[in-house]
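Protein chains in written order, with the numbering used here: chain A, 1 to 244; chain B, 245 to 472.
Since the hints were derived computationally from the structure, they do not count as laboratory data. Any given hint might turn out to be false.
[To be verified] If you only want the chain B side, here are some residues facing chain A, beta carbon under 8 Å, derived:
hint	residue
1	Tyr354
2	Glu357
3	Ala361
4	Ser365
5	Gly369
6	Gln370
7	Ala373
8	Met379
9	Asp380
10	Arg387
11	Ile388
12	Pro391
13	Gln392
Note that the coordinates shown come from a computational prediction; the quantities given were computed from them, not determined experimentally. Idealized CB from N, CA, C, for every residue including glycine.
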Amino acid sequence: MLVVEKLRKTFGNHEVLKGVHLTVKKGEVVVIIGPSGSGKTTLLRCLNVLEMPDEGTVTIDGKQLQFANKPSKKEITNFRRLTGMVFQAYNLFPHMTALENVMEGPMTVKRLNKHEAKEKAEQLLAKVGLKDHMHMYPFQLSGGQQQRVGIARALAMEPKVLLFDEPTSALDPELVGDVLKVMKDLANEGMTMVVVTHEMRFAREVANEVIFFDEGMIIERGHPEQLFTHPKHDRTRQFLKRIQ
Amino acid sequence: MLMDPERLDRLMNIAQSSLLPLAKGALLYTIPLAVITFLIGLVIALFTALARLSSIKGLQWTARAYVSAIRGTPLLVQLFIIFYGLPTVGITIDPLPAAIIGFSLNVGAYASEIIRAAILSIPKGQWEAAYSLGMDDVQTLRRIILPQAARVSVPPLSNTFISLVKDTSLASLILVSEMFRKAQEIAATNYEFLLLYTEAALIYWVICFFLSMIQGNVENRLSRYVVR
Ligand SMILES: Nc1ncnc2c1ncn2[C@@H]1O[C@H](COP(=O)(O)OP(=O)(O)O)[C@@H](O)[C@H]1O
Ligand SMILES: [Mg+2]
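Build the full structure now, drawing on both the sequences and the hints.
As structure tokens, then:
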């Protein structure tokens with residue numbers, strides 16, 4: 001479903017991604033963990049082409065983007081429609097209600113009419129448990145509710161792969177559960193997901209594979225149980241010790 | 245005694261009889277001139293702001309030069325160039341169209357800076373969220389950025405509009421018969437300069453007072469989605 005090859009990204013003279021290879025099969029959930037500043041956010045942003053990699057390729061559902069040949073704006077925009085992004089800071093549109101936030105992509109990009117878009121958005125908001133909050137503006141919602149709107153908004157575009165960048169790390173602890181539950185349901189429905197998170201329980205229960213990422217490289221990957229209990233690398237071990 | 249009853253009577257009469265011509269000047273020229281040039285100016289401003297924010301160097305540079313030239317020269321001089329200057333190279337423009345051109349260009353330059361700042365004040369995350377849904381630049385601007393930028397720019401744009409209403413008095417100097425020119429014409433017949441100019445000033449004040457009230461309403465309506 002998702003294949004990343006030799007992905008490189010440099011900011012100035014700081015090489016943030018040093019040739020990343022990654023394969024995610026259809027319906028798989030991959031959790032990425034790693035220290036702050038290791039390049040996890042940059043990796044997700046490159047998959048969504050919010051950041052332009054210097055080199056490498058990303059292939060999603062058979063469609064490939066080669067970054068060395070400088071893809072055009074139109075190619076990038078089309079490629080972006082294959083992935084959905086859930087941001088750490090939610091980034092909801094503040095001038096639209098929850099419902100309008102979810103309707104926006106389908107209406108503007110997919111050219112659905114208002115009626116179809118609304119019906120779909122209502123279903124999605126019900127699915128993330130926000131049926132009663134549809135007509136509220138983001139500022140009237142808690143962080144957890146905003147993030148669930150963010151997930152519904154991404155789902156509305158029917159992406160092939162859903163990317164999550166620390167979706168719960170800006171939330172009060174008591175609100176984390178609701179968001180994780182929505183993500184777990186999605187995983188059980190067979191959504192292909194790449195999730196950067198430090199929620200170890202989520203990783204254990206949901207992930208097919210956990211990746212330890214450090215200094216722009218994948219250091220170690222494996223089944224969650226194996227990686228958490230018998231890490232092969234010292235760096236992984238030290239990192240796990242620090243966050244537990 | 246400062247004023248004998250006879251003179252007071254005369255002043256009252258003049259004040260009364262001049263009220264209608266002044267009001268006409270305001271309703272037929274001052275206000276329409278301000279409204280029309282503001283609307284044209286906003287369109288110019290939007291395109292100028294976008295040109296300055298675009299990645300095309302030529303557009304950026306043209307927009308910068310335009311804004312710099314307009315902001316760096318007096319409005320009165322701009323009006324004189326258009327109305328008295330251009331005829332010497334064969335371009336003759338009537339007073340009212342000349343005023344419309346001059347004021348629109350002027351507002352366009354000032355408002356473009358306001359709109360540019362408003363667009364830049366919208367967090368990067370808003371662009372990214374829109375891009376991540378597959379929107380292109382134009383869709384993102386139209387649906388996500390400009391609606392939010394509009395709210396940010398209402399207070400400064402209202403100030404621009406109020407200044408514009410007052411600046412229309414400069415059109416009197418290129419023979420547009422707006423309110424202040426009417427006041428000058430009447431004063432020239434009866435020499436009651438203080439009275440007529442004060443009367444005109446009061447009418448400007450009343451207009452601007454109402455504009456400030458409207459501004460407040462618009463701001464409230466546009467800010468319904470933010471915490472107060
Ligand atoms: N736009 C940018 N310009 C310059 N440096 C950046 C930019 N974005 C990220 N970086 C740098 O890249 C490194 C990795 O950042 P990031 O991907 O956010 O890491 P993580 O998400 O793992 O904490 C950091 O050192 C950060 O300072
Ligand atoms: Mg990060």
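Of all the hints given earlier, name the ones this structure violates by number, lowest first. Violated hints (numbers, rising): 1, 2, 3 and 4; every other hint is consistent with the structure.
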